[in-house]
Amino acid sequence: MSKLTISVRKFDAVIVGAGGAGLRAAIQLSEAGLKTAVLSKVFPTRSHTVAAQGGVSASLGNSEEDHWHWHMYDTVKGSDWLGDQDAIEFMCRKAPEAVVELEHFGMPFDRTDEGKIYQRPFGGHMSNFGEKPVRRACAAADRTGHAMLHALYQRNVRANTQFFVEWMALDLIRDADGQVLGVIALEMETGEIVAFHAKATIFATGGAGRIYYSSTNAFINTGDGLGMAARAGIALEDMEFWQFHPTGVAGAGVLITEGVRGEGGILRNSDNERFMERYAPNAKDLASRDVVSRAMVTEINEGRGCGPAKDFVLLDITHLDPATIMKRLPGIREISIQFAGIDPIKAPIPVVPTCHYQMGGIPTNFHGQVVNPDGSTVTGFYAAGECACASVHGANRLGTNSLLDLLVFGKSSGDSVVEAVKAGPNALKELPADFADYTLARLNRLNTQKGGASVNETRLELQRTMQKHCGVFRFKDMLVEGVSKICDIEKAVHLTEIGDKSATWNTARVEALELDNLIEVAKSTMVSAEARKESRGAHVRDDAPDTAANPNGRDDELWLKHTLWHREGNKLSYKPVQLKPLSVETIALKTRAY
Amino acid sequence: MSSPTMQFKIYRYDPDKDNAPYMQDISIEIDPTIDRKLLDVLTKLKAKDDSLSYRRSCREGICGSDAMNINGKNGLACLTEISELKQPVVLRPLPGLPVIRDLIVDMTQFFKQYHSVKPYLINDSPPPDRERLQTPEDREELNGLYECILCACCSTSCPSFWWNPDKFVGPAGLLNAYRFIADTRDEATNARLDDLEDPYRLFRCHTIMNCVEVCPKNLNPTQAIGKIKEMMVRRAI
Ligand SMILES: Cc1cc2nc3c(=O)[nH]c(=O)nc-3n(C[C@H](O)[C@H](O)[C@H](O)COP(=O)(O)OP(=O)(O)OC[C@H]3O[C@@H](n4cnc5c(N)ncnc54)[C@H](O)[C@@H]3O)c2cc1C
Ligand code: SF4
Ligand code: SF4
Ligand code: FES
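From first to last, the protein sequence lines stand for chains U and B.
Position one of the first sequence corresponds to residue 15 (the working numbering), numbered consecutively onward.
Position one of the second sequence corresponds to residue 16 (the working numbering), numbered consecutively onward.
Because the hints were derived from the structure by calculation, they are not lab data.
Among the hints, a few may not be true.
Unchecked claim - To spell it out: a stretch of chain U is covered by chain B in this simulated footprint if at least three of its residues, at any positions, have a beta carbon under 8 Å from a beta carbon of chain B; those stretches are: (1) 120 to 133; (2) 507 to 514.
Claimed, not checked - Pairs of lysine-lysine residues, derived as DSS-like cross-links and limited to a Cα-Cα distance of at most 25 Å, are as follows: (3) K515/U to K32/B; (4) K63/B to K464/U; (5) K88/B to K133/B; (6) K242/B to K341/U; (7) K32/B to K464/U; (8) K482/U to K59/B; (9) K59/B to K515/U; (10) K24/B to K515/U; (11) K515/U to K61/B; (12) K61/B to K464/U.
Stated by the list, open to error - Listing some non-contacts, in silico: residues in chain B with all C-beta distances to chain U over 12 Å: (13) Q22; (14) M38; (15) Q102; (16) I137; (17) K232; (18) M246.
Positions of the beta carbon are idealized from the N, C-alpha and C atoms, including for glycine.
Chain U on its own, in the form it takes in the complex:
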């Protein structure tokens, strides 16, 4: 990168991210005839939605009676009442239509004998307001995300969507009025820096699981959207809530879907005991994810782990018919053989809770519009998918609700943009004179840094710190120490040095720029977690134990509220949870038990 110049390209709308959420939004924009640019760090079908396995939820009732209202109840309960009930009602009501639409796009769902979409049981999915498990997860074998992402990409090919593949967005362009006017991006192949000037910008940049050392997330899941938003002055919501999936392959982190337990898989400790019967007598192995993860860690901590170091438990499907495994879980079998060296038809799979999903993110309403702390919307800015917080997942997401979130809010954000662009002025609002200065200064700093920190080592330290100080169980002192450690790491992040200075496909530069985003996510997580002095959903701390006054350590009086982390000044503020749904009655606060 010899000289830093910047050219400007103009669009009606720019979408950053071509995973499930970005592609679903893109369909709306392309089919409405908007001039749209879709940017992605990787070819669209390589986005991490491709790795989703188990299914997408919708109360289709194809195998037994189901209702969107039951789905809504499970989602609110799963969220430990931190989810916004208007957004949750919106999502659960739209689910059947969203999934059917996907089928019409060509998604190769598995089928029931009647030829309908196949549905399997999943953690936390119950009928009749929490009574007994129900089949709600619509699946294509254990490759649902792959099938879905390809179907959405294919629909975009048909709609002639314009993609900018292997382009990395670096910063948001926001003017003095707070309006968002597009992004500045780097073309990886050439090193060229381009401003995408647009009337509307949708972020669909996915998760940031790479802030943890052990994660089911891809290398590219570095929270770029969150970093860009935070740097542009957008507060991040509920960042303390991270889901640890119960069943990552021990050592490798690769995911084993909950669908395995949906098909009859059982968790066992070193005594060969089905220990979930003790923790969740009703739902057992299909209790909500935070509940199962904590049970597993408790088993391991109390010495009932398996293996030489007693540091994992076993996921057993040896009692299932091999034909069922081959038909419904072929990808899982491949993964076990590849990453655990075990054929699950013959022996159980070693698993540990692994960082999986970010419940928090860029605050939005259910129209996909980004909202300010005071509830007003940020003009020109939208977000959907894992990077956004609508908030439908609250303190803990139900399995299969994320793929649904992508479909529903990808579409609604797209519709909002179409409406806004059609109703708005024809001309683009002018870019501020200094729109590129900040980004160019960041790039310049990186190009000229001498005697700085290694990107790789700094990232590792960040990941180890998050893992140790902000994991499945959280401890007051560790959190306090974690905050100061992350602030130290932040200093190193701002002084990273790369050896590679080439303009062409410079992955060292990309990784350094990704680290700038990881640190914002890590810091917001640690600071928000330290401050929330209760246990709720995936956030469980030692000094907020289960008591008669506060069952499960949840304190609704003080903490039934969303956290907002402000980068400027590293400060927190709070906003109320929307307890009022759109049309039905509030699902009243209750102690969460499975």
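Chain B with the ligands: place on chain U using the hints.
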């Protein structure tokens, strides 16, 4: 056998500073308890020399990013067990496509061919309120097809694709063409067959089977190509 150090010969080329590509000899210490896949070792190599360039993302064989030529055979780095590799391990970019840098090739031609088969469901009848029905047996026809991850291992091992990348659709594109032909919900079978009935687009395949041998998802493009040919014959009579 795994050993504490591993020898590599890696294709290097940075157009910004190299006049020509060269093979770099590198040896690296490995920890057999953590470094199990080739991608683990590449990550380690990159930590030492951040200029080493390759694509990667999912590290579990599902995104299709890290296809490369490993000891003469195309494969995914993240699924390649290092203990099974003969040393020195020779790594090259996928053959037949222009190299951008090191192990990164320009995939434009590959995707152009994929797009040329209209890889999307065509069904212009008004959709029903609910899902279109499909029997489990009809759905089964898509197995072995829809799982393609577009890694290009197959097409870049196919001699016919090397010689005619602009005219021959190649195994990946043809497998995906058949994915839609085989889908009972798709209404464009005839148009799809017409499009492929061409001396180049389909008929450059000489059943050399290289594609089948390298597919990391164990898919069988040759069989899909055979089925398309069969359908052409059947509809001619
Ligand atoms: C292993 C695994 C299994 C899962 N299984 C399920 C399941 O069965 N059911 C379920 O509901 N959920 C599941 N989830 C969760 C779900 O898959 C994800 O939350 C969801 O796919 C995220 O989709 P997305 O569109 O928000 O982001 P992604 O699919 O991650 O896409 C992000 C996109 O943003 C782009 N991007 C990011 N940063 C930039 C940048 N700076 N510039 C340009 N582009 C950028 C990327 O290139 C990519 O295209 C699973 C998750 C994992 C990790
Ligand atoms: S079988 Fe056909 S497509 Fe496959 S490698 Fe041979 S010529 Fe290419
Ligand atoms: S058919 Fe196999 S080798 Fe070819 S692109 Fe698809 S997954 Fe890769
Ligand atoms: S990194 Fe995704 S296939 Fe290997």
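Structure-based check of each hint:
1. 120 to 133: holds (count 11)
2. 507 to 514: Three-residue rule met by the stretch 507 to 514 of chain U, so holds; n is 3.
3. K515/U to K32/B: Between K515/U and K32/B the Cα gap is close to 10 Å, so the pair holds against 25 Å.
4. K63/B to K464/U: Holds, at roughly 17 Å.
5. K88/B to K133/B: Judged against 25 Å, a Cα distance of about 29 Å means the pair is violated.
6. K242/B to K341/U: It holds: about 23 Å lies between the C-alpha atoms, which stays within 25 Å.
7. K32/B to K464/U: holds (21 Å)
8. K482/U to K59/B: Status holds; Cα separation ~23 Å.
9. K59/B to K515/U: holds (20 Å)
10. K24/B to K515/U: holds (23 Å)
11. K515/U to K61/B: holds (14 Å)
12. K61/B to K464/U: holds (19 Å)
13. Q22: holds (22 Å)
14. M38: Answer for M38/B: holds, closest chain U Cβ roughly 19 Å.
15. Q102: Its Cβ never comes within 12 Å of chain U, the nearest being 22 Å, so this holds.
16. I137: Since the minimum Cβ distance to chain U is about 8 Å, I137/B lies within 12 Å and the statement is violated.
17. K232: Given that some Cβ of chain U is not farther than 12 Å from that of K232/B, nearest at about 9 Å, it is violated.
18. M246: holds (20 Å)
When held up to the earlier numbered hints, the structure conflicts with 5, 16, 17 and fits the remainder.
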